[in-house]
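Visitor: The primary structure of each chain is shown beneath.
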Amino acid sequence: MKKKTERLTTPRFGEVVYTKGDLYRFPKGLVGLPSLQRFVMLTLDESGIFRCLQSVDDPAHAFVVVDPILARADYRVPIDAAAAEEIGLVDLADAVVLAIAVVPEDVTRMTVNLRGPLLINSRTKTGYQLVHSDTEYGVREPLVEALASEEHEIHA
Amino acid sequence: MLVLTRKTNEKIMIGDDIEILVVNVGEEKVQLGITAPRSIPVHRREVYDEIQRENLLASGSAVPSLDALCGLKIARPPGAPQPTGSMRAPERRAGKGRRRGAA
Chain W
177 MKKKTERLTT PRFGEVVYTK GDLYRFPKGL VGLPSLQRFV MLTLDESGIF
227 RCLQSVDDPA HAFVVVDPIL ARADYRVPID AAAAEEIGLV DLADAVVLAI
277 AVVPEDVTRM TVNLRGPLLI NSRTKTGYQL VHSDTEYGVR EPLVEALASE
327 EHEIHA
Chain H
504 MLVLTRKTNE KIMIGDDIEI LVVNVGEEKV QLGITAPRSI PVHRREVYDE
554 IQRENLLASG SAVPSLDALC GLKIARPPGA PQPTGSMRAP ERRAGKGRRR
604 GAA
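Read top to bottom, the protein sequences are chains W and H.
According to the numbering used here, numbering within the first sequence proceeds without interruption in unit steps and concludes at 332.
According to the numbering used here, numbering within the second sequence proceeds without interruption in unit steps and concludes at 606.
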């Protein structure tokens, strides 16, 4: 049976076609944006490093997300029971953690928020934004700095 | 705003299941113990504000062009999660069952 497709017109990506099964649900929305509860995950580059959570509830909202360990190789985030319960997370193997990026015009100055990561149950596609208070990680960790210096080493 | 005066070791109840205990009162700091159901998140206000601000900034920022992203040459670290959707330029389609295991 062919799945019914939905269409969404977005300012950044034009028309996005998705099925209900593609939707990521954040029952509590995001911090400060409680009405943004349904998203489609779009892959921005071929390697899939950069993805985008495009809001279905308000197409004007889209969030570039990356694996937080790109910014900090040692990144760890405690998953409290309440958060796990919120997204029906039983098996830690189903947990995916993503960091939201702020992308300025100069993309090399992109930063990621490691203090408010998204915890997603990949099995149910349900997510929750954690508020990670007691941490050394900041809300604006540079993403490209470390990578640029790595590149120097390669070319040296 | 309701303002209550409490001493060390005194409590405040909010509803039936939220309890705030004054643990210690220092010269410039107050230590509070908060007992609340797990479903009620408790945060320091400034951390919450900070994350909210970043969320708004992030949602308002432009999505970088494919060229700009490719120019970054970021190596995928081992163990990074697989992409969970798809958007193939130019047709801009999301989630066409490219995920492994998506029957």
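No wet-lab data here; the hints were simulated from the structure.
Note that the structure is a prediction, hence the values are computed from the model and not measured.
Treat the hints with care, as some may be off.
As the list claims (entries may be wrong) - Reference listing, derived: stretches of chain W covered by chain H, where coverage requires no fewer than 3 residues with Cβ under 8 Å from a Cβ of chain H: (1) 235-243; (2) 257-264; (3) 309-318.
As the list claims (entries may be wrong) - So the derived label-pair ranges between C-beta atoms look like this: (4) W/G314 <-> H/M516: 18 to 24 Å; (5) W/E182 <-> H/M504: 17 to 23 Å; (6) H/G536 <-> W/S211: 28 to 34 Å.
The beta carbon of each residue, even a glycine, is placed where N, CA and C say it ideally should be.
Visitor: Out of the numbered hints, which ones does the structure contradict?
Guide: Violated hints (numbers, rising): 4, 5; every other hint is consistent with the structure.
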